[in-house]
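Take a look at the letters that make up each chain.
Protein chains: 2
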Amino acid sequence: MLNAEIIAIGSEMLTPFRVDTNSLWLTERLNSLGIDVKLKTVVGDDESRLEEAIRDALRRSEIIISTGGLGPTEDDITRKIFARVLKRHLVLNDEILERLRTRFARRNMPMPEINSRQALVMEGAEILANRNGTAPGMMIQEGKCTVVMLPGPPREMRPMFDEAIAPVLKQRVGDLVILRRKFSIFGLTESRTDELAAPVYLKFKNPVTTILFKDGQIELHLTAQARKSADAEKLLDELGGQLDEVLGEYIFSRRDETLEEVVGDLLRARGYTISTAESCTGGLVAGKITEVSGSSDYFLEGVVSYSNESKIRILGVPEAMIIEHGAVSEPVAKAMAEGVRKLANSTYGIGITGIAGPGGGTEEKPVGLVYIALADDTQTTVRKLIFPGDRQFIRTLAVNSALDLVRRRIS
Amino acid sequence: MLNAEIIAIGSEMLTPFRVDTNSLWLTERLNSLGIDVKLKTVVGDDESRLEEAIRDALRRSEIIISTGGLGPTEDDITRKIFARVLKRHLVLNDEILERLRTRFARRNMPMPEINSRQALVMEGAEILANRNGTAPGMMIQEGKCTVVMLPGPPREMRPMFDEAIAPVLKQRVGDLVILRRKFSIFGLTESRTDELAAPVYLKFKNPVTTILFKDGQIELHLTAQARKSADAEKLLDELGGQLDEVLGEYIFSRRDETLEEVVGDLLRARGYTISTAESCTGGLVAGKITEVSGSSDYFLEGVVSYSNESKIRILGVPEAMIIEHGAVSEPVAKAMAEGVRKLANSTYGIGITGIAGPGGGTEEKPVGLVYIALADDTQTTVRKLIFPGDRQFIRTLAVNSALDLVRRRIS
Chain A
0 MLNAEIIAIG SEMLTPFRVD TNSLWLTERL NSLGIDVKLK TVVGDDESRL
50 EEAIRDALRR SEIIISTGGL GPTEDDITRK IFARVLKRHL VLNDEILERL
100 RTRFARRNMP MPEINSRQAL VMEGAEILAN RNGTAPGMMI QEGKCTVVML
150 PGPPREMRPM FDEAIAPVLK QRVGDLVILR RKFSIFGLTE SRTDELAAPV
200 YLKFKNPVTT ILFKDGQIEL HLTAQARKSA DAEKLLDELG GQLDEVLGEY
250 IFSRRDETLE EVVGDLLRAR GYTISTAESC TGGLVAGKIT EVSGSSDYFL
300 EGVVSYSNES KIRILGVPEA MIIEHGAVSE PVAKAMAEGV RKLANSTYGI
350 GITGIAGPGG GTEEKPVGLV YIALADDTQT TVRKLIFPGD RQFIRTLAVN
400 SALDLVRRRI S
Chain B
0 MLNAEIIAIG SEMLTPFRVD TNSLWLTERL NSLGIDVKLK TVVGDDESRL
50 EEAIRDALRR SEIIISTGGL GPTEDDITRK IFARVLKRHL VLNDEILERL
100 RTRFARRNMP MPEINSRQAL VMEGAEILAN RNGTAPGMMI QEGKCTVVML
150 PGPPREMRPM FDEAIAPVLK QRVGDLVILR RKFSIFGLTE SRTDELAAPV
200 YLKFKNPVTT ILFKDGQIEL HLTAQARKSA DAEKLLDELG GQLDEVLGEY
250 IFSRRDETLE EVVGDLLRAR GYTISTAESC TGGLVAGKIT EVSGSSDYFL
300 EGVVSYSNES KIRILGVPEA MIIEHGAVSE PVAKAMAEGV RKLANSTYGI
350 GITGIAGPGG GTEEKPVGLV YIALADDTQT TVRKLIFPGD RQFIRTLAVN
400 SALDLVRRRI S
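Protein chains in written order, with numbering that gives the first Met the number 0: chain A, 0 to 410; chain B, 0 to 410.
Pulled out of the complex, with its shape left as it was, chain A reads as follows (with noise of 0.2 Å):
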């Protein structure tokens, strides 16, 4: 198996404040071709640090992938040690420069003069297009290791590694086939989703199965090799369906989608649409669904009803509900989704409301306590939840829930 460092670049990585998640991203994507990381280094903008982790790897790792470092400010170093090491001039590089221009004049901005420190490439490198900011990345062989520079920000790191790097690294591999899979699961604990799960990938030793938990979903990935594609999916589909078995309604994805584009390709697929009143979630949900692209096919419109005031005028709640049952209860969560379906006239309509915190929590309805309702021209539903957590994690939670009661209504 081939052995890959990284190597992080750039004082704010020694901060308390960064973590390092271009390290992760890469990584997977290492493991999915089959290379194993055997060290990461994360230097601040320390010329002989850099030098120094720049000569152990080259010494005994057979890629090297550097991310940061390659801005336009004096302290970005990447090019300047990484050209010492190698022992290989900067030259400037016209194109780019004039790229550089452009991109500038685009936006109805003179270019600062330091930008130009960006078109100087490495003589003998292989420039990589930025397609997401100035600073091209660069690869060059340097004997027998492949040396990677990329920028620090993930959206123009990720398709410059896509794109460049990862068919000229495949190559290098070989033809073993590593193939994974992604399980998405929203609606059960961690511990719950181990617990059925374990039994099952802990039989298998070939995929390997790794739980991921973020932002109150699950993900498990499958990871199996073989040296067929054909031999690689069969063990996914072993040991994919026994999952399927235990873990069953929980799973809203199989191939890598988000939850709101699962439920946007439902609503598509039929010729549905929706709409949402929402009041603790402040317009999320529909942050969440616009977040696809395409979703102005079925997402028509939202409201925001903060205020009792806008639950009442625009989305019709009765004034005596709220007096009577309060704002965060189930009559009004269920006319709100039936008010906002009326005024959008959606197929269907979600209503939220709850109470986020830290503040505002009673004993009868504590911090948590939220009731979503999915309203369509039958029936309305309503459930009522309580979630762990501070503000931030119980709207979000309040998110993914209100996504997924769309998904299995309509699934």
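These are computed hints drawn from the structure, not numbers from a lab. Keep in mind that the hints are not guaranteed to be accurate.
[Claimed, not checked] Label-pair distances were calculated between CB atoms; the ranges are: (1) A/GLU125 to B/VAL90: 52 to 62 Å; (2) A/GLU125 to B/GLN170: 48 to 58 Å; (3) B/GLN391 to A/GLU125: 25 to 35 Å.
[Unchecked claim] With a straight-line cut-off of 25 Å between C-alpha atoms, the simulated DSS-like cross-links for lysine-lysine are: (4) A/LYS143 to A/LYS86; (5) B/LYS204 to B/LYS169; (6) B/LYS204 to A/LYS79; (7) A/LYS213 to B/LYS213; (8) B/LYS213 to B/LYS227; (9) A/LYS202 to A/LYS181; (10) A/LYS341 to B/LYS341; (11) B/LYS364 to B/LYS341; (12) A/LYS227 to A/LYS181; (13) A/LYS169 to A/LYS181; (14) A/LYS204 to A/LYS233; (15) B/LYS227 to A/LYS79.
Predicted, not measured: the structure shown is a model, and the values here were computed from it. The beta carbon of each residue, even a glycine, is placed where N, CA and C say it ideally should be.
Place chain B on chain A using the hints.
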């Protein structure tokens, strides 16, 4: 300033799913003692790489802190490799062995034989008791370097550091006061910020300034050290004052507040209210405003008018205007802001319409084009902006811009 290096040990730290949060926590603690973290290494259960990492660290750093690899199993190699590099014997400590046996006995379990390995300690090392687990830590002085081995689980590592290590390091540092200040900026690119700020902050060796780019916002972290708190404050005031002169209006907080908190405080202080009408941001402006607990004091309602139909019906945007200018246009943004303000009867109304992409762009109206309008009872201003990046980044910048527009109007 003393410098430290952190080594995280354990193969699980090299999977895609595990963030090295220990090093963030340690960095915060070390910084607050006035100690700089210059390098972090993550290494697996790999003897030769760990040995190399320790040797490099001993040569260049004044403090080495390792976490993990002190468990009872074969692949817990920290003890062995540190002993090898430091040329010290490991000896069985009867007292620790006894404590381990008692610990297991209390839980009515026999101690697995492999656990006795945890009673092996380095000659000459200070033993650090573990209140919450079985593995003791160790601290040893090697020449000018303080070497510390801590267990990996945070609830074992943290009290051990605070109780046994922090007092020792504090003594090494002397009685230095470290104060921090955070300036938060929106509306400038990273390179433009640095162009303006670098001539100022580079004049100062103390405070030290770090620049961080995050979700379209920029943070300047200022860290000052002095013998007395008042002196550190004075240093921060001086640098802060000079940064104010060059960055002025772009600074939205000088004390670690979010943009939505700043806007919320401004609204509340004046008894103003606000409402939102969003198209391309799909509810995220409302979602951001309501992230602040207590935002119901000033946020009244939001409309996510994704369809033209809803812009016309709820917000009263004239159909003829949409036909003439298109849904993404200056007059429509203006009409949305004025419409929602009237609907909600709020002090301010925000209107946003744009093209978040990836589809839907034209030559005349490219992806990234966003109109943001802000209406009050005397005027409505509209800004035309062209944002770079993908769908998510365009939406994030649009949300920030809308909030910043409100901040600038009020302050």
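For each hint, the structure was consulted:
| no. | hint | verdict |
| --- | --- | --- |
| 1 | A/GLU125 to B/VAL90: 52 to 62 Å | holds, 54 Å |
| 2 | A/GLU125 to B/GLN170: 48 to 58 Å | holds, 52 Å |
| 3 | B/GLN391 to A/GLU125: 25 to 35 Å | holds, 29 Å |
| 4 | A/LYS143 to A/LYS86 | holds, 16 Å |
| 5 | B/LYS204 to B/LYS169 | holds, 22 Å |
| 6 | B/LYS204 to A/LYS79 | holds, 23 Å |
| 7 | A/LYS213 to B/LYS213 | holds, 20 Å |
| 8 | B/LYS213 to B/LYS227 | violated, 32 Å |
| 9 | A/LYS202 to A/LYS181 | holds, 18 Å |
| 10 | A/LYS341 to B/LYS341 | holds, 22 Å |
| 11 | B/LYS364 to B/LYS341 | violated, 29 Å |
| 12 | A/LYS227 to A/LYS181 | holds, 20 Å |
| 13 | A/LYS169 to A/LYS181 | holds, 21 Å |
| 14 | A/LYS204 to A/LYS233 | holds, 14 Å |
| 15 | B/LYS227 to A/LYS79 | violated, 39 Å |
Violated hints, in rising order: 8, 11, 15; the structure is consistent with all others.
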